[in-house]
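Residue numbers (the working numbering), protein chains in the order written: chain Y, 509 to 641; chain P, 509 to 641.
Hint data in this document are derived by calculation from the structure and do not stem from the laboratory.
Among the clues, some could well be false.
One copy or two, either will do: identical chains are not told apart, so a pair holds if it fits within one copy or between any two.
[To be verified] Straight line, CA to CA, 20 Å or less: simulated SDA-like cross-link-like pairs of lysine to any residue:
no., residue 1, residue 2
1, K624, L602
2, K624, L515
3, K630, L609
4, K624, S611
5, K561, Q573
6, K630, G618
7, K630, A540
8, K561, Q531
9, K630, R620
10, K561, M520
11, K630, E612
12, K630, H587
13, K542, Q531
14, K561, Q519
15, K542, D599
16, K624, V525
There are 2 protein chains.
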Amino acid sequence: MPDTYQLTELQMAIMRVLWDRGQATVAEIHEALKAERGLALTTIATLLSRLEKRGVVAHETRQRQFVYRSLVTEAEVRHSMIHELTERLFDGDLTAMLSHLLSEREISPGDRERIKALLDEKALGKEKSPHAR
Amino acid sequence: MPDTYQLTELQMAIMRVLWDRGQATVAEIHEALKAERGLALTTIATLLSRLEKRGVVAHETRQRQFVYRSLVTEAEVRHSMIHELTERLFDGDLTAMLSHLLSEREISPGDRERIKALLDEKALGKEKSPHAR
DNA sequence: ACCGTAATATTACGCCTGTAGTTTATTGCC
DNA sequence: GGCAATAAACTACAGGCGTAATATTACGGT
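Could you put together the complete structure from these sequences and hints?
Put into C-alpha cells, the structure is as follows:
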C-alpha cells in the first residue's frame, strides 16, 4: 500500500460508490455510474483491477462475481490529495492554502460563523469542553 | 488557452522559475533546477515546448536562444488547481474543503488569529487582503 | 454431457508525462 | 569559407489513464 493516493475523477467516482455502499460488484458500480457516464462494463472492470493492483481496493469472489471494497477511507484519500496539492502549490504550508481559499472566494456569513466555530473548537482542542459542538 | 491549468510537480517547478524571474532561457531553468533534480537539459526543453503547445508559456527568440515566459499567473494556476480538487473531493463545495483543512490539521494560535482576521476582513467586504507569498 | 450465458481476463490503442539520446541548423571564429 | 560549438528539433520509450472489444472460463439447466 502506498501512503499517497492520487485518484483521478473517474477513479473517485468509482470509489465513491464503494464508500457509499461498503462494497459492490462490478455490475452494481456500472449501474450506479451509468447515469452520469455512459461507460462500458468492461471499462469499470478494468479500472477496478488497476485500482486493486495499486492496493486501493480488494475483492472477494462471491458466487461467480467479484465483490469489491475499498481499502482506504475517503478521509485518507482527501487527506492525501490535499496534502499533495498543498505541497505542489504552497510548499506544504497548510495555512497558506487556507488563506488562499479564504481570500479567493465568497464565503457566506453562515459559513463564516461555522468556520470560526471550527477554529475555536480547534483552539480548545485537547480538553473536550462539554459545550463544544 | 484552456481555462483550467492542471500542472504536475515538474511542470510546477519549471513554472516557478518563470514566475520568480519573469522570464528565462532553457539553460537558466535547467541550471535553477539542477540542484533538486538531475534532469537533462533536453528534458527541460521538451517540457517547455509541451507547455507552450498547451498555451501555458510562450517564447521569443533572442540571439539564438529561446526566452520563455509564463502566460498564466501563479494565482490563476492555484485557483484552477484548487477549484479542480474541490470539485473532485467535495463536489465543488469550497466551505467543505475549508472545514476539512481546519479539522484535519494543527493550526497554530498565530495562524488561527490570522485566519479569523481574514474572515472578518472578508465580512466587511474589504477588498484584497495583503496576501503574502 | 452440452450449451448458452454471464463474468472475468486478455489485448489494444491513443494520449499524456517524464526522461533523454540523436539529428539538424546556425553562428562565431580562425 | 570551413569548422567546432551550441541550441533547438525530432525521435523514442516506458508507464499510467480512459476506453472498450474480444477471448476465455465456469455454471446452471435440460
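Do the hints match the structure? See the list:
1. K624 <-> L602: both (17 Å within a copy, 15 Å between copies)
2. K624 <-> L515: neither (31 Å within a copy, 32 Å between copies)
3. K630 <-> L609: both (19 Å within a copy, 11 Å between copies)
4. K624 <-> S611: Answer is both; intra-copy 15 Å and inter-copy 12 Å each pass.
5. K561 <-> Q573: Only inside one copy: K561 and Q573 sit 18 Å apart there, 45 Å across copies, limit 20 Å.
6. K630 <-> G618: both (18 Å within a copy, 13 Å between copies)
7. K630 <-> A540: neither (37 Å within a copy, 40 Å between copies)
8. K561 <-> Q531: Intra 17 Å, inter 42 Å, cutoff 20 Å: intra-copy only.
9. K630 <-> R620: Cα proximity of K630 and R620: in one copy and across copies (15 Å, 9 Å).
10. K561 <-> M520: Only inside one copy: K561 and M520 sit 16 Å apart there, 29 Å across copies, limit 20 Å.
11. K630 <-> E612: For K630 and E612, the Cα distance is within 20 Å only across copies (10 Å; inside one copy 23 Å).
12. K630 <-> H587: Cα proximity of K630 and H587: one copy only (17 Å, versus 26 Å across).
13. K542 <-> Q531: within (17 Å within a copy, 47 Å between copies)
14. K561 <-> Q519: Within one copy, since 13 Å is at most 20 Å while 27 Å is not.
15. K542 <-> D599: between (39 Å within a copy, 18 Å between copies)
16. K624 <-> V525: neither (32 Å within a copy, 36 Å between copies)
Checked against the numbered hints given earlier, the structure breaks hints 2, 7 and 16 and satisfies all the rest.
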